[in-house]
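Colleague: What the sequence shown shows, in this note's numbering, is residues 1160 to 1260, in sequence order.
Honestly, the hints are just simulated from the structure, not real lab data.
Since we're looking at a predicted model, the values are computed, not measured.
Among the clues, some could well be false.
Said to hold, decoys possible - Pair by pair, the computed Cβ-Cβ distance ranges are:
#, residue 1, residue 2, range
1, 1178, 1246, 15 to 21 Å
2, 1218, 1189, 25 to 31 Å
3, 1234, 1258, 36 to 42 Å
4, 1185, 1218, 25 to 31 Å
5, 1237, 1257, 32 to 38 Å
6, 1258, 1198, 30 to 36 Å
7, 1228, 1184, 19 to 25 Å
Ideal placement from N, C-alpha and C gives every residue a C-beta, glycine not left out.
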Amino acid sequence: MEPQPVTEDPAGPADGVTNRLEPYVAWLATQVGDEATRRRYREVAEAFLRFSAADRGAPGTRGQRFVVAHRDRAAPETTRAAMDRLVEYDAVVRCTLPFDA
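Working from the sequences, and respecting the hints, build out all of it.
Modeller: Below, the structure is given as structure tokens:
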């Protein structure tokens, strides 16, 4: 499963990334005790969200393209672990949203 891409924000992509990243960072603090790991995961998540806002390729393979594009900034295993946390966060958010009856 891929992390959910950033949707276009009328205020601009930077604000959309910030609005999406802030609650993720708060959630991540409850999941990962090591500050350095949290920082790396936040950096990867932010880079992915910015990549998503600019990427025009197929959404289903966006995560794979990001890992390749990001390999000079972080080890692929670190990037994948961070992406897994973002996917986990997205799943938690989806479970807490109200559903239409």
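Colleague: Is it true that the C-beta distance of residue 1178 to residue 1246 lies inside 15 to 21 Å, as the hint says?
Modeller: Since the Cβ atoms of residue 1178 and residue 1246 sit about 19 Å apart, the hinted range of 15 to 21 Å holds.
Colleague: With 32 to 38 Å as the target window, see if residue 1237 and residue 1257 comply at their CB atoms.
Modeller: 35 Å, holds
Colleague: Per the hint of 25 to 31 Å, is the separation of the Cβ atoms of residue 1218 and residue 1189 within bounds?
Modeller: Holds: the Cβ-Cβ distance is about 28 Å, inside 25 to 31 Å.
Colleague: Does the Cβ-Cβ separation between residue 1228 and residue 1184 fall within 19 to 25 Å?
Modeller: Holds - the Cβ-Cβ distance for residue 1228 and residue 1184, about 22 Å, lies within 19 to 25 Å.
Colleague: Starting from the range 30 to 36 Å, see whether the pair residue 1258 and residue 1198 falls in it by beta-carbon distance.
Modeller: The hinted range 30 to 36 Å holds for residue 1258 and residue 1198, with Cβ atoms some 34 Å apart.
Colleague: Should the hint that residue 1185 and residue 1218 are 25 to 31 Å apart at their CB atoms be regarded as holding?
Modeller: 26 Å, holds
Colleague: Cβ-Cβ distance between residue 1234 and residue 1258: within 36 to 42 Å?
Modeller: Holds, at about 38 Å.
Hint check: no violations occur; every hint is consistent with the structure.
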